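J.: Protein chains in written order, with our numbering: chain A, 1 to 151; chain B, 1 to 368.
It should be emphasised that the hints constitute simulated quantities derived from the structure, not laboratory data.
What you are looking at is a predicted structure, and each value in this text was computed from that prediction instead of being measured.
Hints are not guaranteed to be accurate.
[As the list claims (entries may be wrong)] Derived contacts from chain A toward chain B, CB cut-off under 8 Å, selection only: (1) His-17; (2) Thr-59; (3) Val-70.
Beta carbons are placed, not taken as given, at the ideal position from N, Cα and C, and that holds for glycine.
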Amino acid sequence: MTTALPASEIADRLKNHFPETITEIKKEYLIIKNDSLFDIASFLKNTPDLDFDYLSYITCVDYIDYFELVYQLVSTKHNHSLVLKTQCHQRDEPVVNSMVDLWKGADCQEREIYDLMGIKFKGHPNLKRIFLWDGFQGHPLRKDNNGDTEN
Amino acid sequence: MVTLKTEPFVINLGPVHPSTHGVFRLRATLDGEVVLDIEPIIGYLHRGIEKIAEGRNYKQDIPLTDRLDYVASMSNNLPYVMAVEKLAEIAVPERAEYLRIIMAEMQRIASHLLAVGSLANDLGTFFTPFQYMFREREKIVDLFEMVCGQRLLYNYMRFGGVSHDIPDEFIPALSKLVSTMPGFIDEYDQLLAENEILLARLKGVGILPKELAINSSVSGPVLRASGVEWDIRKVDSYSVYDRFKFDIPTGVIGDCYDRYRVRIQEMRQSVHILEQAIEQLPAGEVLAKVSPRLKPPGGEAYAHIEAPKGELGFYLVSDNSEKPYRMHIRAPSLINLTALREMVIGWKLADVIVTFGSIDICLGEVDR
């Protein structure tokens, strides 16, 4: 079985390297500040005993007050996993750092989130719509989008 | 000697083209026949399934999952019902767990038959191996029809079990298929694996190295062909898979031939699992009592399975209402496409078709 690493344990280790970046520690996941996302992800990927070499999926949930990005990290060497979350309170122009430099697997998934949720990923090499056409107005997966924009 | 100056040019493949296995477009930049760059253009089949799911209740969303990878509908139902069961803490009767695994493994064989058959098609063996493989796929589809009345979109699994118990004729028919299947797989292997043209077109083509495979988040046979022993049925065992003995076939260098081989060997392992499942199948209920207007407590759940094409997962967020607040589908076909560009650069255009075929995607799942 893939062991879900206890978030509190990871949080203790992160606190030493990245003070004041963790906003919430739950049993199953960790919420971190979005400006430190890339550095923390890079630390999690490159620390030998953590070794999160596989990014299983990225997704985004619109909670109206904020967007929550969910990253499921897995280590194929140690067979353990961690769910990392970050929040974006900006609605007009939400921006987070792209993970493509760490995991190429983020490429299509970040484009999908940009297309459907309208989150901009800073540092993504090819950030454009993936499913919908270039002139499409709005981002359909947002909760305030009822499909009433003309396209 | 005169050196001729060549200019790169762009060629469009698809969106409607037999070798794209659906509505998929590829913009390839070529220098003569050699590929300099490719860009997959997708979205022609985008139906917004994740958005539609938010407007319907949990039970109404099961048939939507059929429409993702429509050649492996049984496997699509499974992670969705598992995620809801996780959210609402629903226990599944043992017999239903076995039936789910029987269906999922039959579906894996059917999906791999289609994958290998159409790969052979892409190589130019126009529909001959394909017909051999459809002979057995047809038998599996007949069995599915026997249990749920459908031949393509099954809508068979429910929260807490499956919709119907199997009819009496099912197990004898399945046993017959299981006992004859190894012979059929040998037949395909005889026809294909030693074939000189197939070897020339597949060996060493479209190599995906191990590190790149992991870094690109690819999963399923594509990941295993690159030499990574990673199968969700083993590494994060779900349902009752821990009761069966089976191996995880892996490739060596991650070329198209390895991906072909892994699929052939996985079919043998699936047959092996089916044999054990028939033997162990317990009697009893197949469906737990669950309210049709299910309201799972608020929270989130992620459940994933080893689908024929890779890791298929559902991330659900519940706000304690009848409808899911958010449903995200981790689609293996979309994520496996990420690696395509690096696999084909420097190869000829004809090899792009083969490499693309060897990844085995389903556009219903890519676009959702």
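J.: All the hints need checking, so say for each whether the structure fits it.
T.: Hints versus structure:
{"no.": "1", "hint": "His-17", "verdict": "violated, 23 Å"}
{"no.": "2", "hint": "Thr-59", "verdict": "holds, 4 Å"}
{"no.": "3", "hint": "Val-70", "verdict": "holds, 7 Å"}
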